[in-house]
Amino acid sequence: MSEASALFDRIYEAGVIAETWPDVLHSLSQQYAGAGGVLFVFGSNGSQHWAASPDIRPHLEEFISSGQGPTNPRPAKLAALNYEGFACDFDAFTPEEIDQDKFYTDFLAPRGMGWTAATMVRAPSGDLLAFSVDRAFKKGPFEDHELIALDGMRPHLARAALLSARLDLKRAQAMAQALHIVGLPAAVLRERGRLYAANASFEALIPGTFDDGPGRVAVKDAGADLRVGTALDLLSGSHAAQAACSIPVRGTETTSPLIVHVLPVRGAAYDIFSRATALLVVTPVDKRAVPAADVLQGLFDLTPSESRVAQNIAASRTIDQIAAAHGVSRETVRSQLYAALGKIGLKRQTELVALLGGKAIGDKISE
Amino acid sequence: MKSEREIIDGIYEAALVPEQWSAVLEAVSRKTDSAFGTVFIYRDGVHKFVGTPESERLVSDYVALGQPKLNSRIDRSLALNSPGFVTDHDFFSEREIADDPFYRDFMYPRGYGWVACTHFPLPSGDVVSVSFERRKSRGAFEPEAVVALDAMRPHFGRAAVLSARLGLERAKGMAQALNVLGIPGAVLRQTGRLYVANEAFAKLIPAVAQDRRDRVVLADPNADALLEAAIVRARAKEAGTTVSSIPVAAKGERPAVIFHLIPVRGAANDIFSSGIALLIATPVDRSLVPTAEVLQALFDLTPAEARIARSIVEGKTIEVIALTKGVSRETVRTQVASVLAKTGLNRQAELVALLSGKGIAEGANV
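Heads up: the protein sequence lines correspond to chains Z and D, in order.
Per the numbering used here, the very first residue in the first sequence carries number 1; after that it's consecutive.
Per the numbering used here, the very first residue in the second sequence carries number 368; after that it's consecutive.
These aren't lab readings, by the way, just hints derived from the structure by calculation.
Wrong hints could be hidden among the right ones.
[Claimed, not checked] BS3-like cross-link-like pairs, simulated, lysine-lysine; straight-line CA separation at most 30 Å: (1) K539/D with K570/D; (2) K709/D with K170/Z; (3) K709/D with K220/Z.
[To be verified] Stretch by stretch, here's where chain D covers chain Z in the computed footprint (C-beta under 8 Å, at least three residues): (4) 12 to 23; (5) 113 to 125.
None of these values were measured; they are calculated from a predicted model.
Cβ coordinates follow ideal geometry from the N, Cα and C atoms, glycine included.
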C-alpha cells in the first residue's frame with residue numbers, strides 16, 4: 001500500500017475515531033515539512049474548537065490562553081478568499097501586510113514560524129472547518145506544487161471532518177431515542193441551550209409547552225423559562241455540573257403540569273466535534289404505570305391474587321373498587337392486601353403506592 | 368452523470384444515511400454500464416442487502432425461490448480472496464458458466480449474466496459484498512471497467528467499516544443518555560450478548576448481571592430463565608414493541624430490581640446495524656420523591672403544605688408528621704386536605720401515586 005493511500009485510510013479513520021485527529025494532522029504536516037497541523041471548528045454560534053499535532057499544540061494553547069497580544073488575521077482573510085483549495089500566505093496578504101502584521105512579527109517570528117497553507121470547508125450545519133499546516137520561516141513559503149498536492153488531500157480531509165460531525169449528531173439522536181424508548185420526552189442540547197436532537201415525545205410538547213427558536217430552547221411558562229435560562233447559562237461555563245436541576249412547569253388548560261430536568265452531559269474533552277452539552281428530560285406529573293401483576297409476583301413471592309390486589313392499590317384504586325371489580329368481598333381484598341404488605345415488608349397502603357408508583361418503565365413505551 | 372467526486376461523497380454519506388445507498392449504487396451502475404448494483408452483508412448466518420430498485424426486485428425473486436445455495440458466484444468469488452473487483456471469468460471457466468444452473472436457469476432467462484463483485488471481511492467477522500450486474504447482451508466487464516470499480520473500492524470498504532462504527536456510536540449514545548439519568552442500561556446484540564453497558568449498569572456486574580460469552584446472564588437463576596426466554600422472543604421478533612419485565616428479588620442490602628428488555632427497531636434499509644435491544648434496570652426503592660420546592664411551585668402550595676405533601680409521599684403517617692413538626696394532628700389533617708384540594712385529588716394514596724418516582728435529578732449520576 002502506498003504512503004499516500006495509508007494516510008487516506010488514517011484520515012477517514014479520524015472521521016470515525018475523532019481522538020486520532022492530532023496524529024493525522026501530524027502526518028499531514030510532516031509530509032509537507034511542516035511545523036504542525038491544526039483543524040479548527042468555528043461553530044455557527046461563535047464557539048471554537050480545535051485539534052492540533054503535538055508539536056504546534058503548546059504554541060496554540062499559549063496563544064489562546066494569553067487572550068491578549070495580536071489577533072490572528074488569517075481565518076478572516078481565508079474566509080474572505082472563499083477558495084475551494086489550499087491557500088498560502090501570499091494568496092491572502094501582500095508582502096507589506098505580512099511585514100507589518102503584529103501576528104506575524106510578534107507571535108510567529110519569535111517562535112521561528114512564519115508560513116502556512118490553509119483551507120476552509122463550510123459544513124452543512126453552518127459550522128466552518130479550517131485545516132492548516134504551519135511551516136518554519138527558514139524553510140520558506142509553501143510552493144505551488146505543494147499546494148496542488150494538498151488540494152488532492154482536501155476532499156478527504158473535508159469528508160472525514162464532516163463524518164465526525166455527522167456521527168456526533170447520530171450519537172445525540174440515539175441518546176434522545178433511548179429516552180423515548182423508556183417513555184421520557186427528551187432533547188439533547190448543544191452549546192448555549194440550542195436544540196440539537198429531540199425525540200418524538202419531546203417534539204409533541206412543541207409548541208404547547210416548549211418553543212424551539214433560533215436561540216435556546218424556551219419554556220412557555222415564563223417563571224419556569226427564567227429558571228431554565230439560568231441553568232443553561234451555567235452549561236457554557238466551567239461549572240457545568242452545577243447546571244443540574246429540576247424545574248416545575250405549571251399546567252394550563254391545554255397542557256399538563258410537568259417537571260423539566262436539566263442534566264449536563266460530560267463530553268469527551270478530546271472530541272472537538274462533540275456537541276451534546278445537556279439533556280432536557282421531561283417527567284409528567286401524572287399517574288404512572290405500575291408494574292404488571294406477574295412482575296410483582298416474582299419480586300415478592302406473592303400469590304396471583306395478592307399481586308393483583310397490590311397492583312390495583314399501587315394504581316391508587318380503593319379496596320371497595322377492587323372488591324367490586326373482582327366480585328369478592330371487601331374482607332377478602334383486605335386480607336389479601338395485608339398478606340401482600342407483610343410479604344413486601346410494608347405496613348401501609350400508601351407505602352405500597354410510593355414503592356411501586358412509576359416503576360413500570362416498560363409499560364410506558366410509545367413508538 | 369454524476370462526477371467521480373460526487374459519487375465518492377455519496378458513498379461516505381450512505382455509510383451514515385443508509386437511504387442513500389440506492390442512489391449511490393445507481394450512479395456507479397450508470398458509470399460502469401451496469402444494470403444494477405447491490406450491497407450485501409453476511410452476519411450471523413444471514414444475508415441482508417440493499418440495492419437499486421431493479422436489484423431489489425431480482426434479489427426478492429431469488430429469495431422467493433428458496434434455494435439459497437443456487438448462487439454459485441458467492442463462494443467462488445470469496446475463495447479468490449482478491450483485494451479488488453473480480454468478474455465471472457476470474458472465478459469460472461467458460462465451461463462452468465455454461466453448465467451452471469444459476470446462470471442458465473435464473474440469470475439468463477431474466478436477461479442478466481455478467482457480474483463484477485468484491486468482498487470486505489470486517490473485523491467483527493461480518494462480510495460485506497458490493498456487486499454490479501450487467502445485462503447478458505451488454506457483454507462482460509472489460510478490464511477498464513474493473514479498473515474504474517477498483518478506484519472506488521477503498522471508499523466502499525471504508526463505508527462498510529464506518530457503518531459498523533455508527534452502530535457502536537449509537538449504542539454508546541443510548542447507554543450514555545440512560546446513565547445521565549442514573550438508569551442502569553445496556554445495549555444487547557440480537558444474540559443477547561452485551562454490546563455496550565453504561566457505568567450504572569456496570570455496577571450491577573457481577574453481583575446481579577454477568578457479561579458472558581454467549582449472552583448476558585442474571586445471577587438469580589429464576590430471573591435468568593425469564594431473560595433467556597425474553598431474548599429468544601426478541602430475536603424471533605414475536606415481541607414486536609412489547610417489553611419483557613423481569614423481577615429480581617431483594618438480596619441483603621440490595622433493593623429489588625426490575626429489568627426491562629426492550630427490542631429496538633432499526634430502519635429497514637439499515638442493513639449494517641445488527642438487531643439490538645435495550646436492557647434497563649429500575650431499582651424498586653422509595654428515594655425518588657420531588658423536593659418540597661418543586662411541589663410548591665407546581666401546585667401553588669404554601670411552604671408548610673409542600674413539606675407535608677412530601678412527607679406523605681415519603682410514606683409518613685399524619686401522626687408521625689404531627690409529632691416531628693410539633694403541631695397537632697388536626698393542623699396536619701387540614702393541611703393535607705388543602706394540598707389535596709390544590710392538586711385536585713381526593714385521597715392521600717392518589718397524591719402518592721401522582722408524585723412518587725419523579726425526582727430523576729436527585730438520582731442522576733452526572
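Which numbered hints are broken by the structure, listed smallest first? The structure breaks hints 2 and 5; every other hint is satisfied.
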